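Student: Between the sequences and the hints, there should be enough to build the whole structure, so can you do that?
Chains as they are written, first to last, in our numbering: chain Z, 82 to 490; chain G, 12 to 292; chain R, 656 to 925.
Any given hint could turn out to be false.
To be verified - Sample of chain Z residues facing chain G (criterion: CB under 10 Å; computed from the structure): (1) 198; (2) 204; (3) 284.
As the list claims (entries may be wrong) - Per the computed footprint, the stretches of chain R lying under chain Z, defined by three or more beta-carbons under 8 Å from a beta-carbon of chain Z, are: (4) 742-752; (5) 876-890; (6) 899-911.
To be verified - Cβ-Cβ distance ranges computed for the label pairs, FRET-style: (7) 59/G x 313/Z: 49 to 57 Å; (8) 211/G x 663/R: 20 to 28 Å; (9) 264/Z x 278/G: 49 to 57 Å; (10) 710/R x 108/G: 20 to 28 Å; (11) 150/G x 710/R: 39 to 47 Å; (12) 903/R x 55/G: 48 to 56 Å; (13) 227/Z x 692/R: 35 to 43 Å; (14) 255/Z x 142/G: 52 to 60 Å; (15) 486/Z x 83/G: 29 to 37 Å; (16) 282/G x 710/R: 47 to 55 Å.
What the hints contain is simulated information worked out from the structure, not anything from laboratory work.
Being a predicted model, the structure only gives us computed values, none of them experimental.
Even for Gly, the Cβ is constructed at its ideal location relative to N, Cα and C.
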Amino acid sequence: MKRWIHTALILVLAFTVLLTGCGNKATTAEFDEDASFETLVSQAEGTTVTFYGWGGNEENNKWIDTVLAPTVKEKYGITLKRMPMDIEEVMSKLFNEKQANLEKGTIDMIWINGENFFTAKENNLLFGPVTPYLPNFEKYVDGEADEILYDYGYPTDGYESPYGCWQFVLINDSAVTPEQPKNTAELLEYAKKNQGKLTYPALPDFTGRNFVVNVIYDLVGHEKFIGMEADKATVKEAIEPALEYLRELNQYLWSEGKTFPATLAQLDQMFADGELVMTMSSYPCVIASSIENGIYPDTATSFVFENGMNGSSDFVALAANSPNKQAALVVMNEILSPEMQASRYEKVKITPVLDFSKLTDSEKELFDKVDLGKGILPLEELNEKKLPQMHAKLIPIVEEIWLEEVVGK
Amino acid sequence: MSKKPYLLLLPVIFLSLIFIVGILYGLIQSFGIIPSLGMKVPTLKYYQELFTRPELLSSIGMSLYIAFVSSILATILGVLICSLLVLTGKGKGKVMHLVKIPIAIPHIVVAMFVMLIFAQSGLLARVLFNLGLLESPNAFPTLLYSQNGIGIILAYLWKEIPFVIFFVITIMANINTSLGEAAENLGASRWRAFIDITLPLSMPSIKNAFLIIFAYNFGAYELPYLLGATAPRAIPVQAYIEYIHPDLLHRPYAMALNGIMFLVSFIIVLIYHRTVQRNPN
Amino acid sequence: MKKRKNILPKLLIYAFIFTILFPLALTAVWAFVGRWPWPRLLPQSFSLRGIEEIFGGYSGAFQTLGSSILLSAVVAILAVIVGTMTARALVLYDFPGKSLIQFSTILPIIIPSTVFAMGTHVLFIKVGLADNVLGVIIVHLICSLPYTVKIMTDVTAAFGGKLEEQAAVLGADSRQIMKEVTLPALMPGLVSSACMAYIISFGQYFVTLIIGGGNVKTFTLIMVPYLQSGDRIIASAYSIVFILSTLLVFIIFELAVRRFKTDENHYYFV
Numbered sequence: 082m083k084r085w086i087h088t089a090l091i092l093v094l095a096f097t098v099l100l101t102g103c104g105n106k107a108t109t110a111e112f113d114e115d116a117s118f119e120t121l122v123s124q125a126e127g128t129t130v131t132f133y134g135w136g137g138n139e140e141n142n143k144w145i146d147t148v149l150a151p152t153v154k155e156k157y158g159i160t161l162k163r164m165p166m167d168i169e170e171v172m173s174k175l176f177n178e179k180q181a182n183l184e185k186g187t188i189d190m191i192w193i194n195g196e197n198f199f200t201a202k203e204n205n206l207l208f209g210p211v212t213p214y215l216p217n218f219e220k221y222v223d224g225e226a227d228e229i230l231y232d233y234g235y236p237t238d239g240y241e242s243p244y245g246c247w248q249f250v251l252i253n254d255s256a257v258t259p260e261q262p263k264n265t266a267e268l269l270e271y272a273k274k275n276q277g278k279l280t281y282p283a284l285p286d287f288t289g290r291n292f293v294v295n296v297i298y299d300l301v302g303h304e305k306f307i308g309m310e311a312d313k314a315t316v317k318e319a320i321e322p323a324l325e326y327l328r329e330l331n332q333y334l335w336s337e338g339k340t341f342p343a344t345l346a347q348l349d350q351m352f353a354d355g356e357l358v359m360t361m362s363s364y365p366c367v368i369a370s371s372i373e374n375g376i377y378p379d380t381a382t383s384f385v386f387e388n389g390m391n392g393s394s395d396f397v398a399l400a401a402n403s404p405n406k407q408a409a410l411v412v413m414n415e416i417l418s419p420e421m422q423a424s425r426y427e428k429v430k431i432t433p434v435l436d437f438s439k440l441t442d443s444e445k446e447l448f449d450k451v452d453l454g455k456g457i458l459p460l461e462e463l464n465e466k467k468l469p470q471m472h473a474k475l476i477p478i479v480e481e482i483w484l485e486e487v488v489g490k
Numbered sequence: 012m013s014k015k016p017y018l019l020l021l022p023v024i025f026l027s028l029i030f031i032v033g034i035l036y037g038l039i040q041s042f043g044i045i046p047s048l049g050m051k052v053p054t055l056k057y058y059q060e061l062f063t064r065p066e067l068l069s070s071i072g073m074s075l076y077i078a079f080v081s082s083i084l085a086t087i088l089g090v091l092i093c094s095l096l097v098l099t100g101k102g103k104g105k106v107m108h109l110v111k112i113p114i115a116i117p118h119i120v121v122a123m124f125v126m127l128i129f130a131q132s133g134l135l136a137r138v139l140f141n142l143g144l145l146e147s148p149n150a151f152p153t154l155l156y157s158q159n160g161i162g163i164i165l166a167y168l169w170k171e172i173p174f175v176i177f178f179v180i181t182i183m184a185n186i187n188t189s190l191g192e193a194a195e196n197l198g199a200s201r202w203r204a205f206i207d208i209t210l211p212l213s214m215p216s217i218k219n220a221f222l223i224i225f226a227y228n229f230g231a232y233e234l235p236y237l238l239g240a241t242a243p244r245a246i247p248v249q250a251y252i253e254y255i256h257p258d259l260l261h262r263p264y265a266m267a268l269n270g271i272m273f274l275v276s277f278i279i280v281l282i283y284h285r286t287v288q289r290n291p292n
Numbered sequence: 656m657k658k659r660k661n662i663l664p665k666l667l668i669y670a671f672i673f674t675i676l677f678p679l680a681l682t683a684v685w686a687f688v689g690r691w692p693w694p695r696l697l698p699q700s701f702s703l704r705g706i707e708e709i710f711g712g713y714s715g716a717f718q719t720l721g722s723s724i725l726l727s728a729v730v731a732i733l734a735v736i737v738g739t740m741t742a743r744a745l746v747l748y749d750f751p752g753k754s755l756i757q758f759s760t761i762l763p764i765i766i767p768s769t770v771f772a773m774g775t776h777v778l779f780i781k782v783g784l785a786d787n788v789l790g791v792i793i794v795h796l797i798c799s800l801p802y803t804v805k806i807m808t809d810v811t812a813a814f815g816g817k818l819e820e821q822a823a824v825l826g827a828d829s830r831q832i833m834k835e836v837t838l839p840a841l842m843p844g845l846v847s848s849a850c851m852a853y854i855i856s857f858g859q860y861f862v863t864l865i866i867g868g869g870n871v872k873t874f875t876l877i878m879v880p881y882l883q884s885g886d887r888i889i890a891s892a893y894s895i896v897f898i899l900s901t902l903l904v905f906i907i908f909e910l911a912v913r914r915f916k917t918d919e920n921h922y923y924f925v
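Tutor: Following this line, the structure appears as structure tokens:
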């Protein structure tokens, strides 16, 4: 038995060395806060940088692995490693590293937005401001636009660099139900006509929240939530008409609104199987990939309320204890190049964050020649109908009230 | 006093210590102690607040319901199939390979199985529809995301009946070969010998299997989260949702819910031990 | 035995086998589905999207599968060693604190991994075990020990140490006893617990994610986001590769044990 143990231990040690050996990165130079972009580029060469974010979208994963990573490798000699991890776990990890006073962590870039950004920034988990380091931000992005200055109502203060846009849309199958409700009143009629074939994901699902927020916006407007105090009674009073509406809607919903699917994924499957007539998305162009991949029927189309739907940007941030800030900044800059934004627009169907008035004609052409595919609303219409996202502090309160006042009522 | 057992136990003690330190680090947060957020004063505030929430009791009730129904059914069916395997001599070989598969498959994959088969537009509903027994998907009973928790229970059964078999079969088969067959030689029928001798002697193992799956089903969030009702949420789901709350200040609530869960499991294990000791049979 | 009596039990066993296999077969079909709308009993169209994602090279899934198997195999070997040692101590000796040890070996099944992963992560960062393979091996070991200890306890108890005593009385030295008596008797249990530990390690998601920090990539880590995002085709493809690779490893373990003589009088979970 002893020899057995010895052999096994040697094997284990060998494997450990083997496996950890692969993960080692070349040590990077100390980060100099006054470094120019050229210095960053030269220091970043030959290093490895990590990019943490949600890994559930095949198209986006593929884009990072086959477009972004090879590009930064070729242009700057940077090895980009995609780390599929939900933002909650990224937050936990940063938070634990802080608790253990780890100065050089493992996370470099993070795909983040909204409350998570706010929490991370408030707790000094992020490095910043980062945007002054990025020439492409200055060159291509409208730094004064609301959706760049604010993330869920929080000032970004340059701690996040934009990644892509999101906006809420509803999706139906035009072959099954030709009509597309233009507001909440029409949606109610639509639900009556398609008894039991409508529902939305239970909050706190991101898209489920957006559905409820848009119902609230349509019934009471979005303006009154700007600067509203994060107090349950105040919020409840403000959204009372929406609560009443949602309670009335319940009786026509799937399972009579007694229960809701937990995630957007489940809602999508029910729609794909024909169990529901309507689904929804927070990324207005992803419908094209779903049609292309055969998940949705060819006749699926997206639509928005006439008064607009909420939307904002996704961002990339940099961890405060990032071991390779230089390379992370270089990659963040590359993400803002027209080539990368256009290829992400084409491959992942994520709307670009660039200010088109700042682009040259040949750069604009990159976007014009993209054939997005079926089911998508024109970008101009989406932009015109974009409403600001509700302040992050209010959303958990809406969630709580929804659970008490709407589910099963 | 021999030192040998302690030497043999050295690695397991080392690992248990890591584990226990891990738990303590976690549970200490439920008393509001998170130094890196500047929270240093111990408090019972989070527990008190949770107990004033009206949904806490219905959450605990929901979890107890799911855990009891699924673990009792899994134990009964598992022991039944295990007995059949032992008595028919199929307990060796290929069948046992199959039994290992469900244990190997992660819960989230099992959730997908359940959705593919038991959703209102799932395969079962389609079969019924094509047989003319169902008019539309809506006529199929809601098994997923519903308060009856049937989807969750089915998923647990698929994974845990094999687990019970795995847990019990070694002991049961050995008792049956050594004692059961002896009784048979003395003239008892095969089934009689099994019921009178093998089954009672396998009982400690069966009870352990039950306790383990009960505690697991009470505390795991994956299946109730994916297949459960919006309200009432099972208590581990509530803990998970507090845990992923972007505001890190909610972390103590998550850990306090875990603390309550641990307490409930502990009480049940204790009651169980008491009653078992009182009625040795 | 009369034949007719055996029909019902056999039928039940076959029904049981069917319920295990049916979802697996369905998933195998889903891995190749394009679209499968209500109320069709068979898919409307097929696609190779799922298979391309895994074997297409860009996702790195196939390479990760290899290192993942390696990692879990190491965990399995270690878990078997620790499990065997623990079981010997628990079965063959009486000592103060025995029930405490027994209780603590069951704990990892009962305590939700969110509770223990968080605390352990902070601890591991402090001692340099976070974000590396060694740390992940240790937590996987903790998660699989309840199972290996349980199996080895059963097997050791069944075999009882009496054979060892007899061999010693007959003049065998300790090395001979180990090689000729103990090891062959324990072998089926060793394989069984190796399989269990492998399974537990290979399927770990949350703990691997937190302790490995994304630095240690496993197959499950890539698979779970697809299951969560509800892409049934890719999720099914991953699940099938997951299951097939696990079965392959079981067969390898099984072949490894065939080389030893086993005690045919006892059933083991092998």
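Student: Check each numbered hint against the structure and report the violated ones by number, ascending.
Tutor: Of the numbered hints given earlier, those the structure breaks are 4, 6, 7, 14, listed in rising order.
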